[in-house]
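*Asks:* Residues per chain, in single letters:
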Amino acid sequence: MIINILSLNSFSVYAEYFIVVSIIYVLILFILVVNNIQGLFFQNVISEAFAIILLSSCLLILNENQFFFNVLNQQLKNKLFYSLNTHSLYDNVSAISKFILCFCSFIFFIIISEFFKKSLLTFEFIILLFFAVLGLIFICSSGDFILIFLSIELVSLVSYLITGFRKKSIRSIESSIKYLVIGAISSSLFVLGISFIYLFTGSFLISDYTILFLDLTYSFFTKKLLVADILINYKFLPAFENIVNAFGSNKNIFSNSFLIEIGLFLILISVFLKLSLAPFHLWSLDIYENAPIIATFFLVPLLSLVLLFFYLEFLFHLYNIIII
Amino acid sequence: MLLDHIVINLKTYYDNEYYTSNFYINWVNLQNSIYEVESYSLILYSFFVLQFLLVGLILLVVLIGAVYFINFHVKTNKSQITVKQVACNF
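Protein chains in written order, with this note's numbering: chain L, 3 to 326; chain Z, 330 to 419.
Any given hint could be a false lead.
[What the hints assert, rightly or not] In silico BS3-like links for lysine-lysine, alpha-carbon gap of 25 Å or less: (1) L:120 <-> Z:413; (2) L:169 <-> L:120; (3) L:120 <-> Z:407; (4) Z:413 <-> L:119; (5) Z:407 <-> L:119; (6) L:119 <-> L:170; (7) L:170 <-> L:180; (8) L:170 <-> Z:407; (9) L:180 <-> Z:413.
No lab work stands behind these hints, which were simulated from the structure alone.
Isolated chain L, as found in the complex:
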C-alpha cells in the first residue's frame, strides 16, 4: 500500500517553517543560558534578533515565485494554488497579508527592544509574542477551517498569557481572566459554525465551498454576472441522498439552506467578538486598560489586521469572485 504522504504542489510555507525552527532554537538556547551571565547579554539582543528573523521571513515571502510573478509584475490575475494536501492556500491576498504582517512585526520588535534592555520583562514574553506572530501567519495562509481554528487558538492563548504577564498586579490578572472567558466564547461559536457547515457540505476545505455559490460568480472589470449553465444548488451535491438517508425521511431539513447560513452567521459573530466590533465591543476597554502596554500594542493592530484579511479571503473564495 503506497500512499503519498504530502502532496506538495509547491512549498509555500517557507516563512512559517523558518519561524518555527528559529523559535525552537532560541527557546533551547535561552533555557540553557538563562541563569548564567551570558543570559543577561542575550536578553539585551533578543528583540533585535527576532526582528532580523522576521525581516528575513519577509524576504522569503517576496522571493516566492507566485508573488514575484504576479504582484511585482503588476499582473492582476489572481493565481491560486494549494499545497500540503490543500490545507495551505496561496494567492495574492495571503502573500500581501503575510508580508505586511511580517514587516509590521519587525518594526514592533525594534520598538519594544528598550523594555528588554532595562530587564522589565523576561525572555518568555518575547517568545510568546513570536508564537503569536506564527499563528497570525498561519491564519493568512490556511485553506482549511481546522487550521484556521487552531491558529486562532494559538494567538488567543498567547494573548491570554501576555495580558496577565504581570503576576503581582491584580488588574493584569483580572484582564487576563476576562479575556479568557470572552475568547473561549468566541472560539466555541466559531467551532459551532464550522460544524454546521461541515454538516451541510461534508468538508472542511475552503476550496470545496466554491461549489455552493457558483451561480454568483462575478467579474469586477467586465461587470457581468457569469451564470453557470446548470444551476447548482444543494440538491445536486453528489451525496445528497446519503445526507437524507442519514437523517431519515425528513427532507424538510434541507429544503432551505438555513444550516449554512447559521454556520456563516456564527463564524461572523465569533470574528466580530475577536475584533471587538460593535455590538461585541464592550470587553475591549477593560482588557486594554489593565494589560501591559506592549500587549495592547501588539494585540490591537496585528490581530485585527489578520482577522480582517482572513474574512476577506474567505469571502473571496466562498463567492468565487474572479478579478480579471
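For chain L, the structure is supplied; the task is to place chain Z on it using the hints.
*Replies:* Only chain Z this time, still in chain L's reference frame:
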C-alpha cells in the same frame, strides 16, 4: 471497513488531480470499525499532519505559560550580580 474506506479515498485523491473531497461519508454504517486506531493514525499523520504539529505548538505555549506563572523564587541567601554592578549599561 473504516480503514478500507479511508485508503480508497486517499488513493483516489492522490492519483486523480480532479478528485476533491466534496463528499459526505455516512459514518453510521461504519460504526463497528470506529475503534480502529490504525485508521485514525493514517489520517492524522498524512492528511492532517500540519494540524497535528500545530496542536503540539499550542501545547508548548501552554507549557511555557504554566512554567512562568508557577515559578516562585524564594531568596534564602543574598546574592549579587557583579556584571550589573560593573557594567555601564545595566
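*Asks:* Against this structure, judge whether each hint is valid.
*Replies:* Comparing the hints with the structure gives:
Only pairs whose Cα atoms come within 25 Å are accepted, and residue 120 of chain L paired with residue 413 of chain Z is accepted, the gap being roughly 11 Å. At most 25 Å may separate the alpha-carbon atoms for a hinted pair to count; residue 169 of chain L and residue 120 of chain L meet this at roughly 18 Å. Restraint check for residue 120 of chain L and residue 407 of chain Z: satisfied, since their Cα atoms lie roughly 22 Å apart, inside the 25 Å limit. Among the hinted pairs, residue 413 of chain Z with residue 119 of chain L is consistent with the structure: their alpha-carbon atoms are about 12 Å apart, no more than 25 Å.
Between residue 407 of chain Z and residue 119 of chain L the CA atoms are separated by roughly 24 Å; this keeps the pair inside 25 Å, and the hint holds. For the suggested pair residue 119 of chain L and residue 170 of chain L, the alpha carbons sit about 21 Å apart, so the restraint of at most 25 Å is met. For the hint linking residue 170 of chain L to residue 180 of chain L, the alpha-carbon distance of about 17 Å falls within 25 Å, and the restraint holds. With a CA separation close to 22 Å, the supplied pair residue 170 of chain L and residue 407 of chain Z stays within the 25 Å bound.
Between residue 180 of chain L and residue 413 of chain Z the CA atoms are separated by roughly 38 Å; this puts the pair beyond 25 Å, and the hint is violated.
Hint compliance for this structure: hint 9 alone is broken.
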